[in-house]
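Student: Each chain, written out:
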Amino acid sequence: MAERPHYTEIDHTADVGIELRSHDLVSAFEHTAACMFDLICRLDEIGSGWSRRVTVVGRRGDLEHLMVRWLSELLYLFTSSRILLSRFTIEELDVEGRGGMSESRIVALVHGERMDEDRHNVRVEIKAPTYHSLRIEETPEGWVVRIIFDT
Amino acid sequence: MSSGSRRKSYSTSRGGLTEVADCVWEIAQTGGMRVPGRIYADEKLLPQILSDKGLEQVVNVAHLPGVVRYSLAMPDIHWGYGFPIGGVAATDPSEGGVVSPGGVGYDINCGVRLVASRMRREDVGDRIPDLINALFRDVPCGLGSSGAIGNLSQRDVRDVMAEGARWAVTRGYGTEADLDRTEDGGRLSSADPSTVGKRAVERGRSQVGTLGSGNHFIEVGFVDNVYDKARAAAFGLELGSVTLMIHSGSRGLGYQVCDDYLNVMQGAVSKYGIDLPDRQLACAPIESPEGKRYLAAMACAANYAWANRQVMMVLAKRSIAGVMKASEAELGLRLVYDVCHNIAKMERHKVGGGERLLCIHRKGATRAFPGEHDDVPDCYRSAGQPVLIPGDMGTYSFVSAGTFTALEDTFGSSCHGAGRVMSRSKARKMARGRNLADELRRKGVYVAAKGKATLAEEMPSAYKNVSDVVDVMERTGIARKVVRLKPLGVAKG
Numbered sequence: 014m015a016e017r018p019h020y021t022e023i024d025h026t027a028d029v030g031i032e033l034r035s036h037d038l039v040s041a042f043e044h045t046a047a048c049m050f051d052l053i054c055r056l057d058e059i060g061s062g063w064s065r066r067v068t069v070v071g072r073r074g075d076l077e078h079l080m081v082r083w084l085s086e087l088l089y090l091f092t093s094s095r096i097l098l099s100r101f102t103i104e105e106l107d108v109e110g111r112g113g114m115s116e117s118r119i120v121a122l123v124h125g126e127r128m129d130e131d132r133h134n135v136r137v138e139i140k141a142p143t144y145h146s147l148r149i150e151e152t153p154e155g156w157v158v159r160i161i162f163d164t
Numbered sequence: 019m020s021s022g023s024r025r026k027s028y029s030t031s032r033g034g035l036t037e038v039a040d041c042v043w044e045i046a047q048t049g050g051m052r053v054p055g056r057i058y059a060d061e062k063l064l065p066q067i068l069s070d071k072g073l074e075q076v077v078n079v080a081h082l083p084g085v086v087r088y089s090l091a092m093p094d095i096h097w098g099y100g101f102p103i104g105g106v107a108a109t110d111p112s113e114g115g116v117v118s119p120g121g122v123g124y125d126i127n128c129g130v131r132l133v134a135s136r137m138r139r140e141d142v143g144d145r146i147p148d149l150i151n152a153l154f155r156d157v158p159c160g161l162g163s164s165g166a167i168g169n170l171s172q173r174d175v176r177d178v179m180a181e182g183a184r185w186a187v188t189r190g191y192g193t194e195a196d197l198d199r200t201e202d203g204g205r206l207s208s209a210d211p212s213t214v215g216k217r218a219v220e221r222g223r224s225q226v227g228t229l230g231s232g233n234h235f236i237e238v239g240f241v242d243n244v245y246d247k248a249r250a251a252a253f254g255l256e257l258g259s260v261t262l263m264i265h266s267g268s269r270g271l272g273y274q275v276c277d278d279y280l281n282v283m284q285g286a287v288s289k290y291g292i293d294l295p296d297r298q299l300a301c302a303p304i305e306s307p308e309g310k311r312y313l314a315a316m317a318c319a320a321n322y323a324w325a326n327r328q329v330m331m332v333l334a335k336r337s338i339a340g341v342m343k344a345s346e347a348e349l350g351l352r353l354v355y356d357v358c359h360n361i362a363k364m365e366r367h368k369v370g371g372g373e374r375l376l377c378i379h380r381k382g383a384t385r386a387f388p389g390e391h392d393d394v395p396d397c398y399r400s401a402g403q404p405v406l407i408p409g410d411m412g413t414y415s416f417v418s419a420g421t422f423t424a425l426e427d428t429f430g431s432s433c434h435g436a437g438r439v440m441s442r443s444k445a446r447k448m449a450r451g452r453n454l455a456d457e458l459r460r461k462g463v464y465v466a467a468k469g470k471a472t473l474a475e476e477m478p479s480a481y482k483n484v485s486d487v488v489d490v491m492e493r494t495g496i497a498r499k500v501v502r503l504k505p506l507g508v509a510k511g
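Here the protein sequences come in this chain order: A and B. Using our numbering, the first residue of the first sequence is number 14, and each one after it goes up by one. Using our numbering, the first residue of the second sequence is number 19, and each one after it goes up by one.
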């Protein structure tokens with residue numbers, strides 16, 4: 014079972030928001046994904062026997078767009094195949110479209126398991142990550158991500 | 019605006035808002051705002067409204083290209099994303115007006131339908147737990163719930179998206195009369211299934227006839243107060259009679275359509291050089307290829323939602339008939355009306371003396387047309403369109419009727435519910451150590467819920483007092499109060 018990630022919940026009237034800190038950009042993407050799944054079902058309840066390599070593309074140089082696409086893609090694995098994810102290893106993160114690429118890109122290996130209603134206590138239905146008040150910023154203490162999910 | 023002549027007598031100012039008419043507060047047009055903001059609220063509701071970020075979102079919506087007259091907020095306004103919940107905005111395609119998926123939301127055509135009956139409250143007295151448990155069993159609910167009528171093929175899903183509630187009726191789920199009592203007849207003809215992506219279609223295969231989770235519910239209640247006898251009679255709602263209310267939307271298919279097009283709109287914003295204060299408001303001109311495709315896909319999701327609520331209603335009616343050991347006809351189970359409260363629709367409205375075709379975004383707002391309007395069915399000519407306003411689980415819901423004032427002042431729109439006041443995480447904390455199901459039972463409301471967390475998040479104190487919200491609509495003449503419904507039991511995801 015995976016360890017639960019650290020984050021704080023933002024007080025939003027209708028939806029659920031979180032804020033988290035990571036030491037670099039790659040781990041900020043991994044960490045945000047872990048937090049999203051921890052909101053859905055505590056990460057320490059999710060195994061990691063299932064894995065898949067996912068590729069996500071976004072607009073070149075658009076960090077926010079890439080983050081929303083990344084989270085949407087992972088959420089789709091849950092909503093379409095009922096896969097709860099617990100571990101995220103980003104193998105390639107290219108925001109600026111290196112080597113003449115027209116898009117930003119993430120390649121990641123993600124681990125999880127199929128949802129089992131007897132073992133997994135699903136806490137909230139997340140419809141989507143939103144751009145509203147989205148913040149992905151480098152600070153002297155590392156990267157800060159603030160994101161609101163539609164629930 | 020009819021309120022203009024009253025401007026002089028209302029000059030109260032609160033937190034940047036000026037009261038321009040009884041219960042109508044204006045945010046002056048500043049900076050990049052193209053129109054002023056207008057908020058419907060009374061002194062009771064105002065402090066809460068001033069305390070969250072909903073007003074900032076009213077201002078943001080006022081920045082949309084082609085927005086007409088006002089960025090409006092109903093009294094149930096609260097902080098959402100993009101538009102506030104309770105937000106209404108009209109955009110004019112002939113003035114470069116845009117359509118924004120953020121002005122509709124992920125749950126496209128989330129809405130409510132109300133069923134009346136001849137059953138008296140006394141008839142169901144001690145049967146409420148049986149009724150709710152049967153509904154909970156027969157209408158699939160909970161996160162990702164599926165399998166109400168078996169899996170559909172992709173072709174079937176396309177038919178659902180094209181035909182809406184009629185798809186259900188032609189397959190034996192309900193009657194023609196139901197379609198007459200559904201907003202837009204349960205189908206937007208602008209739907210074009212070729213604009214909906216594979217993922218959305220795939221997600222739609224298993225969810226027709228399912229409730230979902232979150233704030234969606236099926237509620238059995240009764241008419242406990244009648245404010246307008248003639249209209250109540252027209253709606254078939256007698257004092258003491260039992261009602262059934264269903265609140266749900268387009269499920270995963272709608273979320274996916276929104277997600278897909280929000281992505282398209284991110285590109286459109288730079289393509290058309292649109293400057294926005296919030297990326298969640300991403301949009302495209304209504305007349306652009308992106309705008310047209312979104313509206314066609316959104317209509318597909320809206321139609322799916324109408325088919326969904328139509329099937330659910332039929333499953334629920336069968337369920338009730340089974341428990342009461344009587345036929346549906348004997349019980350007098352009959353659809354009063356079905357309204358959507360997350361939608362963008364092309365409608366004709368009078369603006370400045372002339373009639374214009376506008377795109378009306380209603381995000382957590384209900385259409386509220388007067389009886390004479392062409393889109394209101396003949397049976398409600400004298401009464402006006404029923405406006406269904408569910409409250410929280412523990413208090414009341416209301417049925418109001420649309421008016422000419424709504425048509426003139428709010429593009430024919432009214433409130434959609436109580437409106438949240440408390441975040442879900444705060445509600446969960448407050449509910450810790452409490453047995454909410456027991457508390458509600460002591461109030462006379464039997465609850466069957468899949469998730470404890472859902473129940474906690476939806477606890478009554480997480481919401482505004484729905485009576486206050488409805489009273490503002492009554493005082494401003496937007497929607498006339500007809501009856502109040504008291505819940506007896508609720509099934510939730």
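Among the clues, some could well be false.
Which bits of chain A does chain B cover? Going by a derived footprint, with three or more residues having C-beta under 8 Å, they are [what the hints assert, rightly or not]:
hint, region
1, 68-80
2, 116-123
3, 132-145
Simulated coverage check for chain B against chain A, where a stretch passes if three residues somewhere in it have a Cβ under 8 Å from a Cβ of chain A [stated by the list, open to error]:
hint, region
4, 229-241
5, 275-289
6, 338-344
7, 488-500
Bear in mind the hints are in silico, worked out from the structure with no lab data behind them. Using N, Cα and C, we set each Cβ at its ideal position, and we do this for glycine too.
Student: Does each hint hold? Answer for all of them.
Tutor: For each hint, the structure was consulted:
1. Counting residues of the region 68-80 of chain A whose beta-carbon sits less than 8 Å from any beta-carbon of chain B gives 4, enough to reach three: the coverage restraint holds.
2. Coverage of the region 116-123 of chain A by chain B is violated. Counting CB-CB distances below 8 Å, 0 residues qualify, and the rule asks for three or more.
3. Given a C-beta distance limit of less than 8 Å, the hint that chain B covers the region 132-145 of chain A holds, as 9 residues qualify and 3 suffice.
4. Beta-carbon proximity to chain A at under 8 Å applies to 3 residues in the region 229-241 of chain B; the threshold of 3 is reached and the given coverage holds.
5. With a threshold of 8 Å between beta carbons, the proposed coverage of the region 275-289 of chain B by chain A holds, since 6 of its residues qualify and at least three are required.
6. Under the rule that three or more residues need a Cβ within less than 8 Å of chain A, the assignment of the region 338-344 of chain B is violated, with 0 such residues.
7. Closer than 8 Å: that is the beta-carbon criterion, and the region 488-500 of chain B has 0 residues meeting it against chain A, so the requirement of 3 is violated.
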